[in-house]
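Here are the chains, one letter per residue:
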Amino acid sequence: KNQVEQSPQSLIILEGKNCTLQCNYTVSPFSNLRWYKQDTGRGPVSLTIMTFSENTKSNGRYTATLDADTKQSSLHITASQLSDSASYICVVSDRGSTLGRLYFGRGTQLTVWP
Amino acid sequence: EADIYQTPRYLVIGTGKKITLECSQTMGHDKMYWYQQDPGMELHLIHYSYGVNSTEKGDLSSESTVSRIRTEHFPLTLESARPSHTSQYLCASSGPPFGGNTTSTDTQYFGPGTRLTVL
Numbered sequence: 839k840n841q842v843e844q845s846p847q848s849l850i851i852l853e854g855k856n857c858t859l860q861c862n863y864t865v866s867p868f869s870n871l872r873w874y875k876q877d878t879g880r881g882p883v884s885l886t887i888m889t890f891s892e893n894t895k896s897n898g899r900y901t902a903t904l905d906a907d908t909k910q911s912s913l914h915i916t917a918s919q920l921s922d923s924a925s926y927i928c929v930v931s932d933r934g935s936t937l938g939r940l941y942f943g944r945g946t947q948l949t950v951w952p
Numbered sequence: 428e429a430d431i432y433q434t435p436r437y438l439v440i441g442t443g444k445k446i447t448l449e450c451s452q453t454m455g456h457d458k459m460y461w462y463q464q465d466p467g468m469e470l471h472l473i474h475y476s477y478g479v480n481s482t483e484k485g486d487l488s489s490e491s492t493v494s495r496i497r498t499e500h501f502p503l504t505l506e507s508a509r510p511s512h513t514s515q516y517l518c519a520s521s522g523p524p525f526g527g528n529t530t531s532t533d534t535q536y537f538g539p540g541t542r543l544t545v546l
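Going line by line, the protein sequences match chains U and E. First residue of the first sequence? That's 839 in the working numbering, and the numbers climb one at a time after it. First residue of the second sequence? That's 428 in the working numbering, and the numbers climb one at a time after it.
Hints in this document: simulated from the structure, not taken from any laboratory. Careful: at least some of the hints might be erroneous.
What the hints assert, rightly or not - For the chain E half of the interface with chain U, some residues (derived, Cβ under 7 Å), not all of them:
id, residue
1, Pro466
2, Met468
3, Glu469
4, Leu470
5, Leu517
6, Thr534
7, Phe537
8, Gly538
9, Pro539
Claimed, not checked - Simulated coverage check for chain U against chain E, where a stretch passes if three residues somewhere in it have a Cβ under 8 Å from a Cβ of chain E:
id, segment
10, 877-886
11, 898-908
Note that CB positions come from ideal geometry on N, CA and C, so glycine has one too.
Using the sequences and the accompanying hints, generate a full structural model.
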């Protein structure tokens with residue numbers, strides 16, 4: 839069964855600190871992996887996307903890594919800000935469908951305190 | 428900022444009412460989707476569309492129906508709402524960058540969601 843597991847479920851950090859969120863997946867075949875940020879009461883917004891051949895991708899203070907061999911990804915947030923408080927969702931797409939079928943993790947709820 | 432809109436943003440209705448959740452996008456995307464999301468849970472695909480007059484059911488069984496008469500519009504209808512339908516409904520669309528070709532890496536752009544509560 840194709841699955842996407844994220845850890846931790848929730849995380850609280852102080853403003854200015856760094857943190858790393860984890861994503862493990864069993865989706866096969868594999869096309870790409872995305873990290874989305876979802877603010878409370880809003881729709882998810884794409885942060886990064888990585889294909890099989892990419893092992894790191896940055897978007898400002900967000901850096902995602904991908905190890906396609908171990909089927910693991912991480913999202914590192916540097917110098918956290920209050921506005922980083924949100925749910926971060928790992929989404930994996932398989933290669934088996936023209937629809938680009940997506941498998942969603944449950945997200946990590948990040949809270950940044952001042 | 429993605430040009431995809433949902434109305435209403437919040438809706439509280441009584442059991443048995445018929446409702447339509449609106450979704451529209453101005454990006455010219457062929458593919459559109461409806462997801463259902465409960466608090467702390469993953470998104471579940473309930474409907475999708477490849478283009479005009481094309482609709483398919485998603486992974487999660489849903490009593491809702493959809494239509495795709497125009498490219499930019501993908502409304503979702505519940506004929507008789509029940510408390511079990513209480514949830515957040517997210518609409519999304521995907522397509523290639525302007526002038527480009529569709530690929531498996533096309534990003535899905537999400538609307539702000541409709542928070543539905545059925546009493």
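Results for each hint:
This hint is violated: Pro466 (chain E) has a C-beta 10 Å from the nearest C-beta of chain U, more than the 7 Å allowed. The interface hint given for Met468 (chain E) holds, since its Cβ lies 6 Å from the closest Cβ of chain U, which is under the 7 Å cut-off. Checking Glu469 (chain E) against chain U by beta carbon gives a least distance of about 4 Å; that is within 7 Å, so the hint holds. The closest approach between the C-beta of Leu470 (chain E) and any C-beta of chain U is roughly 5 Å, which is under the 7 Å cut-off, so the hint is satisfied.
Satisfaction of the interface hint for Leu517 (chain E) is found here, the shortest Cβ-Cβ separation to chain U being roughly 5 Å, below the 7 Å cut-off. Because the beta carbon of Thr534 (chain E) sits about 5 Å from the nearest beta carbon in chain U, less than 7 Å, this interface hint is met. With a cut of 7 Å, the hint placing Phe537 (chain E) at the interface with chain U holds, because the nearest CB-to-CB distance is about 3 Å. For Gly538 (chain E), the interface hint holds, the least distance from its beta-carbon to any beta-carbon of chain U being 5 Å, beneath 7 Å.
A hinted interface residue such as Pro539 (chain E) counts as satisfied when its beta carbon comes closer than 7 Å to some beta carbon of chain U; here the least separation is about 5 Å, so the hint holds. Here's how the segment 877-886 of chain U fares: 6 of its residues keep a CB closer than 8 Å to some CB of chain E, so the rule of at least three is met and the hint holds. Remark: the segment 898-908 of chain U is not confirmed as covered by chain E, as 0 of its residues place a Cβ nearer than 8 Å to a Cβ of that chain, below the required three.
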